[in-house]
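Undergrad: In case you want the letters, here they are:
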Amino acid sequence: MESRIIRAVDGIDFTVREGDCFAIVGESGSGKSTLGLSLIRLCPGDVSGEILIDGVNLLKLSEDEIRKFRGSKISIIFQEPSSALNPVMKVGDQLMEVFTVHGYSKSEAYQKSLQLLKTVGIPEAEKRMQTYPHQLSGGMKQRVIIAMAIALNPRLVIADEPTSALDVTIQAQILNLLKNLSQSYGLSTILITHDMGVAAELCNRIGIMYAGKMVEIGPLNSIFAIPLHPYTRALMSCIPRSLKENLKPLPGHVPDLSNPPKGCRFHPRCPYAKEVCTLEEPNLEKIDDRLVSCHRVGEI
Amino acid sequence: MGLCYTVGGKPVLSALKYFFYRLLTLAITLIGLVTLIFILIRSIPGDPARVLAGMMASEEDVNLIREQLGLNQPIYIQYFIYLKNLFTLNLGISFRTDSPVINEIFARLPNTLLLAVTSTCTAVIFGIPLGVIAASKKGGKLDFLLSTFSIAGISLPIYWLGLILILIFSVELRILPAGGSGTPMHLILPTLTIALYLMAFIVKITKASVIDSMEKNYVITAKSKGLSERTILYKHVLKNALIPVVTIIGLQFGALLGGAVITETIFAWPGLGRLIVDSINSRDYPMVQGSIFIFALLYALVNLATDILYTFIDPRVRLK
Amino acid sequence: MGKALNKLAAVAAVIVVVAAAAVFLLPQLQPTTTTPSSTTTSLTSSPTTTSSTPPITQKVLRIAIGIDADTLDPHGQTTTLISNIMSFITEPLFYYNEKGELIHYLAESYSVSSDGLKVTVTLKKGIKFQDGYPLNATAVKLTFDRLLNPKVKVPSRYLLDALNSTEIVDQYTVRFNLKYAYAPFVRTLTTWYIISPLAYQKLGEENLGKTPIDLGTGPLKFKEWVKGDHITLVRFDDYWGGPVKFEEVVFKIVPEAQTREAMLLSGEVDIVYQPPPADLPKLNATAGVKLAINPSTRVMTVNINTQRGPLKDARVRQALNYAVDKEALIKNVLFNLATLADSPVYPAFFGYSPQKVYEYNPEKAKQLLAEAGYSSGFKLTLMVPTGRYIFDRQVGEALQSYLSKVGITVELYTPDWPTFVQSLIGQNYTSTPWDLCYVGYGMTTPDADAVLYPVFHSSQWAPGKFNTMFYKNERVDKLLDDARREVDESKRLQMYAEAQKIIWEECPWIFLYFQNFVLAHSDKVHGLVVYPYETFDLRWVYATQ
Amino acid sequence: MMQQYTRLFKSKRVKICLFIILSFIFMALFADFISPYNPLETDLSKSCRPPSFEHLLGTDELGRDILSRIIHGSRLTLTISFVATALGAAAGIFFGVISGYFGGIVDTIIQRITEILLALPGFLLAIMFVAIMGSNLWTVIISVAISMTPSFVRMVRGLTLQVRELEYVLAAKQLGVNDIKIMFNHIIPNVSPTIIAQVTLNLGTSILFASGLGFLGIGVPPPAPEWGTMLGTGRAYIFYAPHLIISPGLSVFLLVLSFNIIGDRLGEIIASK
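Residue numbers (this note's numbering), protein chains in the order written: chain A, 1 to 300; chain B, 301 to 620; chain C, 621 to 1165; chain D, 1166 to 1438.
Treat each hint with caution, since some may be false.
What the hints assert, rightly or not - The calculated lysine-lysine pairs, modelled on DSS-like cross-linking and capped at a C-alpha distance of 25 Å, are:
#1 A/K68 / B/K437
#2 B/K438 / D/K1177
#3 B/K437 / D/K1175
#4 A/K112 / B/K535
#5 B/K438 / A/K106
#6 D/K1180 / B/K441
#7 A/K90 / B/K535
#8 B/K535 / A/K68
#9 B/K535 / A/K73
#10 B/K535 / A/K127
#11 C/K719 / C/K951
#12 C/K951 / D/K1211
#13 D/K1211 / C/K902
#14 B/K438 / A/K90
#15 B/K535 / A/K106
#16 D/K1211 / B/K438
#17 C/K1025 / D/K1211
#18 C/K847 / C/K830
#19 D/K1177 / B/K437
#20 B/K438 / D/K1180
#21 A/K127 / B/K437
#22 D/K1211 / B/K441
As the list claims (entries may be wrong) - Stretch by stretch, here's where chain D covers chain B in the computed footprint (C-beta under 8 Å, at least three residues):
#23 358-364
#24 388-395
#25 443-455
#26 576-582
#27 593-604
Think of the hints as simulated: they come from the structure by calculation, not from any bench.
We put the CB at the ideal spot given by N, CA and C, even for glycine.
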């Protein structure tokens, strides 16, 4: 019935190295969650291009093959721990499913799940196995979801705003947990967040996304030291000095992706925009150790 | 209807308090209802004593009967006597049959319940799977067929359907009895008539509920774990999707009791609905009051049962 | 759905197999060709004359009826149907035959004193109640004492208004002492069933109406009554008229006429009470189904409030009679289930005198209306009950249409039965919510007095009584008064003839028809008798298998 | 908002249903011009005739033309359906909004009354109501309206409870805007999309209920050509002349089906918003 095409994510190209943590940062509506879902082929729309893990193109796999990939090679942690768990199924059962669906026996699954719960720092793990999600606090639920994501020691974990639905104090705990886990397991992680602070906490490389496009990709340190893209700069100015301070909103709105602005998608909100910005779309260009797409990158 | 939602494992209302609250509202509703019926039935013109005595009876006989029935007392006294008796669960003596109303009701009630249960079960057994199929094949030919069936089913006048089924199965094919009760064969047509409507309804809401649940985040979580669509449908979605379905089936079961008037008329089913209509038409006040009271009580019990069923399928709701 | 279809298929398969087995077995059964001897004319002998027993008969007779009993007290009946069922358990002193004529039943003979105040009845000897108690004067006195006891609910007690007391003359003779000379008294005795003192004592008032075990002398005994479902009677082997040819009869309660019919067609029942009238032509043509039709004494009329507006004028009332095509009504609306009335009195009743039927003549009706000064018409309300009489609402609509054709606008008022009764007999002539009212009078006493006195005598004006036309004619009043007291039957006949003539001319009714009474039964059922009182008799029935 | 509704008419099914409803409305409006016979004109000699060129749907038990009765009957059915639904919805919105908005004792009283009415089967209430008031068009309309009011009250109350807590409603309250204005300007417009879908479905249900009353013999009094009454009467002739129940039954079915399909689609559109 609907004939409008929305390009939520457009022309994105990046690499995550083994054991690395790559952050994708952007405002809500910038298409970063869609990107997360696309990576694991759970995005309801069409995805074209290549998603390579160890040289295997996920987009070329059959439904069955990708199903076997999910959970074991690539997994995802969602933003809302309370809705991401099935409310009418016991926590233990949901956790064990990850194992049983990938060929483990029930008893193995149980033992492994128990172990996992301990690993992610849930006390009284045996009791927790028998509880329902609503009986757990938000932080606990997120720990369970993290446990599911790392259960089979996957090659890549996508963490989609893993902390933004949680209380500030819990946020720190979960971030710590993720940090420890990725170090001890040597996980490759893609962290999706709107919060530069969170990205700084966990990651070594970072990609800034705006309106479905990557505008700047590079090592964390250098981007933090000198943000090149005007949007990155704007984001940087939003970082609160402590976790207790709230993020300051950026003036203006993310554009409607069904009808993106011509030229550089950021130009309506860009203080440096010139005529060329409204007409031509800039390409990602390599500048030192990073990629930036801005017509005026050298000028400002 | 108020449910006791738990937050972090602790009930919002204590179970005991909740129970008393339910009981109190039920009592208020029932007293209001019997009062309404008391007023309504007495507002209908027509003299029960005259009906009992027969059209050609003498005025003296009619007066005598009126006295025997206690209808010569002031209306408020009749009302208080009625309420007083009700508190001791005494529903009175039927004008028409001279036997206790409660006996008459219990002679008919099992029939009404039997029909309600068989048709609900049939409808649930076929309706829920079909609803799930329609949802999982959303947009397909089967879904179109099932949706068409379901909307046609709820738009069909049930009395018309009943007549047409009688015409086909009892008169033309002569394989099923058209009415009456007693054997399982007698159950088939009335069950079919009601079940068809109910099934159409259940298909519709099950489909909607399943589709709704399919869009929930936990489904994506399950997919990300590598579960197949089928497993997700049966292990994750169905149980969640059934929660609203159960409520609606509970409500429909209540509505079935109400609709009994029509189905019992068509199929000569000796149930409570028919009894009430006959009692209204002969101004058998105690019988009308008593049977509607029992009807309402049943309705409330079904609602309560639905709530209890909730606690089994939805762990978030617990009455401890 | 697939499962349901499978189930249906399985059911169908079973039925086919059973049917095949039945067809295979049938030739081995020898259906009887002998019919039982006639049942009508003779007085007392009829129950005993059927001797030829068919070789194979059904043990259980199944009859679908339309309403459940309120009580099984033989004296507490308000409906003809349940009263009819009670007549198989308990029996009256006198009864009637197929034509509606009086016959002796438990009574051997009777005599009336010359002042008409004493009626003496001699009982048949050797008759036993179902509990073994002998039929005697004690039983009769007990019955009538109970009937007069104001604490007992007796809906038809008005028929006993003349009775003062009952007295035992000897073991087999009772005398009824009357308050006033009342000539139709013996004929009213057809209504009252004699009960056994022994059974009465055992049951008490409390259980008499619920489990009337061994209560009467009839051919069938009470077995069980499941409310809303069925009433079962079993054979009384020592019945004085000889035992019936079946062991058990089940009266299944099936309120919908359609359903009853379908049950007959599917072979679930053998006899159905009042099948849907519209289907009679079809039923008649259906193989395996027979109809038993008899005119009944229920006279259907339109009551006219003779004290109101234009209806005060007899010419207007005559116009109403000319305006309605009664024959078309009978043929097309009632499916010939009625017989044109030429008197308010049923032809088999004592005192019947035929009149000239008002033919359908709308021109004449208009002319009469014009003569009365109502050529531009007027408005009336017609009250019609719904579901009480055969096609009552349809008749109402047809009447409405006929009257509109002579310029009378009719509004229909269709209340439910209690409201109808209240509106009919609970009002005085200024307050009736109707001007015309479609109603039927079913009379159980085969005497002109039973119709004429309560309905046309001016002392009987509503409220509370049955002259609901508020009709008053002094000559008619006098004739009816005198005829009641007259012992000489030929004089009574003359008086009734004159009264009927006056009533017919003055038209307090739109005279319509006598409603027919119909049973449909399987052609395997033989010997079913239908009386003109909307009743039937099972005494001679047998059914082949 | 309007865009949402124009989406409605893109569906082929909806177009067909709309056509059916409009043709019944057309029949109702111009019954006097298009019906081939007088629907009340009896001719006993022509009773129960099967369909023919003279009488396309046959004649009824009194020889009246069934097609003409169906055409004139659409007037009654649609009147009952629209007026009763309007009354029921108005009462439901009124009490529902009040109950949800004010809460407290008002809410409790309205809720108890609603419960009483819900516990009492609609047909039984209607039977008694008609027995008291006598049967005419208005008692039927009121019976139908009463039967649908309680569920409306419940639905509107639920919606109101949600809307009541919305920020701008709270803000309006803070600013001292009076309650009636808030209800009319903020609450009712907010709950109305859901109500519109419900009303459409109720148009169908009300037809089923009203014709059910007719079927039970307590509908619009004779000789009015109400479909349910025609069905109830025709039932007596089902074996002899089945055509008597076919066309009124089919008319009820088609009209109810059309309202239900449109109502469903509306519901879907509103939900997908």
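Undergrad: So, for every hint listed, does it hold in this structure?
TA: Verification of the supplied hints:
1. A/K68 / B/K437: Given that 25 Å is the threshold and the Cα spacing comes to 24 Å, the pair holds.
2. B/K438 / D/K1177: Distance of about 18 Å is within 25 Å: holds.
3. B/K437 / D/K1175: Given pair B/K437, D/K1175 holds - Cα atoms ~22 Å apart, limit 25 Å.
4. A/K112 / B/K535: Roughly 21 Å separates the two Cα atoms, so the pair holds.
5. B/K438 / A/K106: violated, 33 Å
6. D/K1180 / B/K441: Given that 25 Å is the threshold and the Cα spacing comes to 20 Å, the pair holds.
7. A/K90 / B/K535: holds, 12 Å
8. B/K535 / A/K68: holds, 18 Å
9. B/K535 / A/K73: Within the cut-off at roughly 23 Å; holds.
10. B/K535 / A/K127: holds, 22 Å
11. C/K719 / C/K951: Answer holds: C/K719 to C/K951 is near 23 Å, not above 25 Å.
12. C/K951 / D/K1211: holds, 11 Å
13. D/K1211 / C/K902: Roughly 18 Å separates the two Cα atoms, so the pair holds.
14. B/K438 / A/K90: violated, 29 Å
15. B/K535 / A/K106: holds, 16 Å
16. D/K1211 / B/K438: violated, 52 Å
17. C/K1025 / D/K1211: holds, 17 Å
18. C/K847 / C/K830: holds, 10 Å
19. D/K1177 / B/K437: Roughly 20 Å between the alpha carbons, so the hint for D/K1177 and B/K437 holds.
20. B/K438 / D/K1180: Holds. B/K438 to D/K1180 sits at ~21 Å (cutoff 25 Å).
21. A/K127 / B/K437: violated, 39 Å
22. D/K1211 / B/K441: violated, 47 Å
23. 358-364: violated (count 0)
24. 388-395: Violated, because only 0 residues of the stretch 388-395 of chain B bring their Cβ atoms closer than 8 Å to Cβ atoms of chain D.
25. 443-455: holds (count 4)
26. 576-582: Since three or more residues must qualify, the claim that chain D covers the stretch 576-582 of chain B holds, with 3 doing so at under 8 Å.
27. 593-604: holds (count 4)
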